[in-house]
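Protein chains in written order, with the numbering used here: chain A, 1 to 312; chain B, 1 to 312; chain C, 1 to 312; chain D, 1 to 312.
Don't take each hint at face value.
The list treats identical chains as one, so a pair stands whether inside a single copy or across any two.
Cross-link-like lysine to any residue pairs, in silico, SDA-like; alpha carbons within 20 Å at most [said to hold, decoys possible]:
hint, residue 1, residue 2
1, K289, Q268
2, K245, G135
3, K157, T138
4, K51, D226
5, K33, S54
The set of hints was computed from the structure by calculation and includes no laboratory data. Please read all numbers here as calculations on a predicted model, not as lab measurements.
Number of protein chains: 4
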Amino acid sequence: MFRCFSSIRSASGKVGFIGLGNMGGPMAMNLVKKGEMDLLVFDVNQESVDKLASAGATAAAEPAEVAAECDRVVTMLPNSPHVESVYSSLLTTASPGTLFLDCSTIDPAVAQKMALLCAEKRTIFMDCPVSGGVGAATAGTLSFMVGGPSDEMEAAKSVLEFMGAKVFPCGDVGTGQVAKICNNMMLGISMLGISETLNLGNRLGLDPAVLSQIINAASGRCWSSDTYNPVPGVIETVPSSNGYKGGFGTTLMTKDLGLAQDAATASQSPIPLGSIAHQTYRQMSSNPKFADKDFSSAYAFLSEEKLIPDES
Amino acid sequence: MFRCFSSIRSASGKVGFIGLGNMGGPMAMNLVKKGEMDLLVFDVNQESVDKLASAGATAAAEPAEVAAECDRVVTMLPNSPHVESVYSSLLTTASPGTLFLDCSTIDPAVAQKMALLCAEKRTIFMDCPVSGGVGAATAGTLSFMVGGPSDEMEAAKSVLEFMGAKVFPCGDVGTGQVAKICNNMMLGISMLGISETLNLGNRLGLDPAVLSQIINAASGRCWSSDTYNPVPGVIETVPSSNGYKGGFGTTLMTKDLGLAQDAATASQSPIPLGSIAHQTYRQMSSNPKFADKDFSSAYAFLSEEKLIPDES
Amino acid sequence: MFRCFSSIRSASGKVGFIGLGNMGGPMAMNLVKKGEMDLLVFDVNQESVDKLASAGATAAAEPAEVAAECDRVVTMLPNSPHVESVYSSLLTTASPGTLFLDCSTIDPAVAQKMALLCAEKRTIFMDCPVSGGVGAATAGTLSFMVGGPSDEMEAAKSVLEFMGAKVFPCGDVGTGQVAKICNNMMLGISMLGISETLNLGNRLGLDPAVLSQIINAASGRCWSSDTYNPVPGVIETVPSSNGYKGGFGTTLMTKDLGLAQDAATASQSPIPLGSIAHQTYRQMSSNPKFADKDFSSAYAFLSEEKLIPDES
Amino acid sequence: MFRCFSSIRSASGKVGFIGLGNMGGPMAMNLVKKGEMDLLVFDVNQESVDKLASAGATAAAEPAEVAAECDRVVTMLPNSPHVESVYSSLLTTASPGTLFLDCSTIDPAVAQKMALLCAEKRTIFMDCPVSGGVGAATAGTLSFMVGGPSDEMEAAKSVLEFMGAKVFPCGDVGTGQVAKICNNMMLGISMLGISETLNLGNRLGLDPAVLSQIINAASGRCWSSDTYNPVPGVIETVPSSNGYKGGFGTTLMTKDLGLAQDAATASQSPIPLGSIAHQTYRQMSSNPKFADKDFSSAYAFLSEEKLIPDES
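Could you put together the complete structure from these sequences and hints?
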């Protein structure tokens with residue numbers, strides 16, 4: 001039934017983009033610069049809009065205007081309520097066959113609900129959450145985890161490829177979100193786990209740099225030990241070696257672990273470590289010393305060493 | 001003070017080996033075959049002794065005889081009480097300068113205690129626990145994590161190199177054990193974490209093989225996802241694809257997590273995830289369905305799917 | 001604004017009751033027998049309706065009919081979706097001033113949403129979840145935790161008093177549910193905690209009956225130790241002494257812990273023990289041996305003793 | 001064999017007391033004043049000794065002197081190593097039949113080891129840890145949990161009764177300690193659980209005083225909710241209403257949870273909630289804001305409210 005939709009769309013037509021924040025801004029910029037697309041953009045922040053406009057994009061007055069003029073629309077929004085609100089506006093003007101690519105990280109159940117609402121208007125919704133931070137968004141090297149109809153995957157890729165290096169088809173709509181929150185739950189567990197481990201070793205007289213080297217050559221190896229080590233000085237280029245500034249914030253990790261917990265409770269899946277990782281990051285989030293730091297500051301939290309100055 | 005010891009020892013002299021079990025047997029065999037060493041061995045199991053004897057080793061009647069004749073002695077024993085018992089016998093006959101290399105996995109505090117007792121007799125104790133299973137022991141590709149005086153490290157390597165591929169100097173005596181239990185605690189956390197994660201994804205409609213592929217290319221990557229995946233069929237050569245038979249048993253993982261917990265309690269180090277991993281493996285260990293299976297059966301435990309037949 | 005509503009209602013008028021299950025059935029019966037009320041009832045199960053009818057209640061054909069004829073309506077339904085569905089029907093016919101007393105255990109956020117929908121129709125919604133099981137429902141000795149406008153509390157009590165022994169005013173609408181899920185989270189924590197404790201003591205050689213007696217006279221005392229002890233034989237009249245049959249089921253406890261987890265995640269409240277209690281009951285719920293047993297079977301789950309026959 | 005021992009002892013003979021700290025001091029004082037006993041005391045702190053001496057006790061120069069002159073000796077020491085050290089001295093001079101009553105809180109395994117050493121000298125060791133703080137020690141209303149031979153229980157009571165209100169016979173030697181650490185593990189779980197619960201309710205709009213009242217009348221009731229409530233102002237006479245000063249310190253609770261964890265690991269008993277309670281109190285203990293406060297400050301820790309002034 002939806003098979004014919006992609007053929008309706010004009011590959012050379014306008015592409016819409018809603019949500020020009022820290023991530024969305026550079027993503028939209030890549031569509032303009034690398035994709036040479038005719039972009040119609042919207043954001044509540046005028047400054048963000050002006051930046052894109054000066055690069056060649058056109059500014060829309062409201063989301064509904066974007067949907068009225070574009071048959072491919074990318075959205076990049078902070079959370080589920082924003083997505084619900086924006087799409088209720090978009091769907092008032094969207095033409096049948098319009099392809100919506102939502103790059104926000106939201107509850108998979110909300111993604112499925114959006115897909116149903118879109119289907120009622122004979123439009124297509126695909127969830128395409130990203131992996132990679134502001135740096136990858138700027139460089140156009142994000143990874144996209146995409147859920148939605150397989151016969152629209154090529155159409156999705158034709159837009160996403162200008163913003164990222166990899167596109168992972170995951171399955172039905174919502175599974176892009178599932179992949180994202182599952183990866184991030186595992187990331188939270190690994191980071192907290194390696195922080196506990198390196199702190200334990202340190203208290204028992206084993207240098208964290210030496211222990212990291214051993215673990216990286218052994219079965220405890222993980223991305224959080226070999227690429228994003230949480231102990232200051234072990235890897236020079238990551239946030240832990242820069243006062244835990246920048247990177248992926250503790251509050252964002254807490255948000256993603258909350259989404260994982262919600263999905264696990266709803267699907268009756270046991271997640272003993274995911275739950276405790278969630279609770280521990282919850283405590284860090286409510287502590288002003290860690291709330292706005294990189295999530296690898298779990299090491300500083302557990303070690304109780306003075307790794308973060310009090311005035312920060 | 002101990003500096004001169006290694007020069008006393010005869011590089012061509014007899015080497016002792018005590019503990020010829022599943023791991024110790026093939027390790028001793030490599031000293032005979034690859035190392036071409038004159039080996040004096042002891043074990044309570046006569047069959048194990050005969051096997052080594054037929055390969056060229058000499059059998060000792062008791063541990064004290066081994067210490068009386070050898071200035072380098074390797075021990076590979078099941079747990080702390082065995083180590084305490086064997087060394088109380090060894091030290092009755094050991095000559096000053098004897099080098100003891102203990103490859104058992106034991107409490108770091110017991111290793112330090114042994115080192116003190118050895119020092120009273122002017123002998124050297126180094127803890128050298130191994131990473132890698134029976135296969136690596138047979139192939140001579142184990143990794144050794146070694147704690148003890150740095151000026152004896154070369155002497156230790158001259159024996160260990162015939163049994164393993166890597167030797168990691170860790171620091172003072174006991175830190176070899178610390179490295180071992182820290183790595184294995186992280187391993188237990190990773191394995192339980194990835195099991196939770198892949199089960200959660202599966203219940204939400206995402207194929208574990210697809211999710212594993214995504215995680216392996218992203219920040220949730222770990223040895224338990226990319227090398228030893230716990231979901232049957234994702235990697236064909238690991239225990240999960242063979243009914244969780246073989247590999248590293250649930251009860252052994254539980255033992256190591258118990259050592260980590262003891263060390264953490266004694267050193268007042270917080271290990272929230274390590275504690276819950278310990279408790280979860282504890283529950284698996286008391287369930288006959290999981291107790292003798294590979295530790296990756298955590299996936300079967302959490303998913304409650306019929307991955308392990310009831311009769312097993 | 002709502003102040004005048006209670007005066008509109010006729011104290012002698014018909015009272016509606018929707019949901020005549022294990023709990024709702026005996027509750028409605030008490031309104032008829034003890035309250036001598038003229039009851040209009042609805043349930044999808046005809047047998048349940050007949051039972052009430054033979055006691056003097058009138059049967060309605062659908063929920064909307066109940067709301068059309070009654071200005072006081074009690075609802076007792078299994079979960080949030082049922083409540084949402086029934087009220088969407090009730091509100092099509094309800095007159096302004098109608099008082100809805102919802103005794104279901106649901107998400108506090110859903111209770112607040114229902115209250116808003118009711119307010120749009122100028123009717124009153126109060127959440128009145130109960131404490132106590134089928135026995136207390138039959139005896140009319142339930143406790144009600146009530147959230148809603150304080151000037152309607154007397155009107156609520158005039159109905160609830162025939163079904164229960166205590167009415168606790170909690171605050172704004174939704175706080176009745178908050179009280180219920182908070183109490184039950186604490187109950188789940190206590191029960192699991194005392195089960196761990198008595199099992200640990202038992203393994204260390206201390207008779208659970210003796211330990212229970214000591215704890216009951218000391219600072220570890222709780223309802224789960226002194227009134228509902230989970231070890232068979234310590235208290236003869238509770239489910240643990242009857243093969244863990246009857247009582248408050250493991251799956252119901254898991255549901256309530258899931259509601260507590262959802263509320264904690266949404267309100268960003270740390271609940272480390274509540275999360276682990278949730279995860280442990282989650283595992284019990286997916287095990288056929290424990291799923292339909294009383295929640296005190298946590299002791300049997302942890303002790304791994306053969307307290308529940310395999311055939312059960 | 002030991003049956004005749006109690007008859008050897010002189011009920012009117014000297015009684016020894018070693019360890020005159022915060023708890024031991026007032027306990028010894030009660031033996032002098034209420035028990036009218038002829039007391040021979042020892043402590044490393046001269047001031048503590050002087051206080052007892054001025055009340056009528058005699059000072060000994062060393063522990064061995066106490067054992068040489070008394071056939072009943074009470075010990076009250078900080079931890080296992082102190083106990084091991086003091087008894088190694090006491091046993092050099094103790095006469096056969098001497099009754100040792102150790103009121104310290106230590107590892108049950110150490111109590112059993114002490115009993116064996118005492119038996120070798122044909123003396124009796126009973127473990128008698130106490131419940132109740134400095135107030136109860138002064139008032140003579142402690143509870144004693146006593147492990148050891150049942151035919152010595154009367155002899156033990158004849159001393160303990162002047163220091164406490166209750167004596168609970170628990171079973172074989174070591175079970176007194178088991179009862180103590182089991183009760184305190186349950187206490188730690190209850191306190192942390194009720195703190196989570198009241199904080200969750202508070203964030204959801206339910207007054208902690210109201211919620212406490214409801215829980216105290218329902219199935220979530222526990223000593224930590226109805227007698228020692230952790231929310232300031234709910235009960236005026238407990239530490240939470242006095243800036244969490246006094247009471248039972250966070251570090252002491254952490255010590256007891258560590259003993260429970262050690263005993264659980266050694267006996268292979270699962271304690272999921274006990275482990276997380278231990279880890280959470282571990283984190284509190286390493287935070288200067290909570291380390292020296294009453295253990296009910298778990299509420300302040302979780303709520304992140306400014307319940308404890310920064311300067312404290």
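These are the hints, each one checked on the structure:
For the homomeric pair K289 and Q268, the shortest alpha-carbon distance between copies (17 Å) is at most 20 Å, but the shortest distance inside one copy (34 Å) is not. Only within a single protomer do K245 and G135 lie at most 20 Å apart by alpha-carbon distance; the minimum there is 14 Å, versus 44 Å between protomers. In this assembly of identical chains, K157 and T138 lie within 20 Å of each other by CA distance solely inside one copy; the values are 18 Å within and 49 Å between copies. For the homomeric pair K51 and D226, neither the shortest alpha-carbon distance inside one copy (37 Å) nor that between copies (42 Å) is at most 20 Å.
For the homomeric pair K33 and S54, the shortest alpha-carbon distance inside one copy (12 Å) is at most 20 Å, but the shortest distance between copies (74 Å) is not.
In summary, the structure is inconsistent with hint 4 from the numbered list given earlier, while agreeing with all the others.
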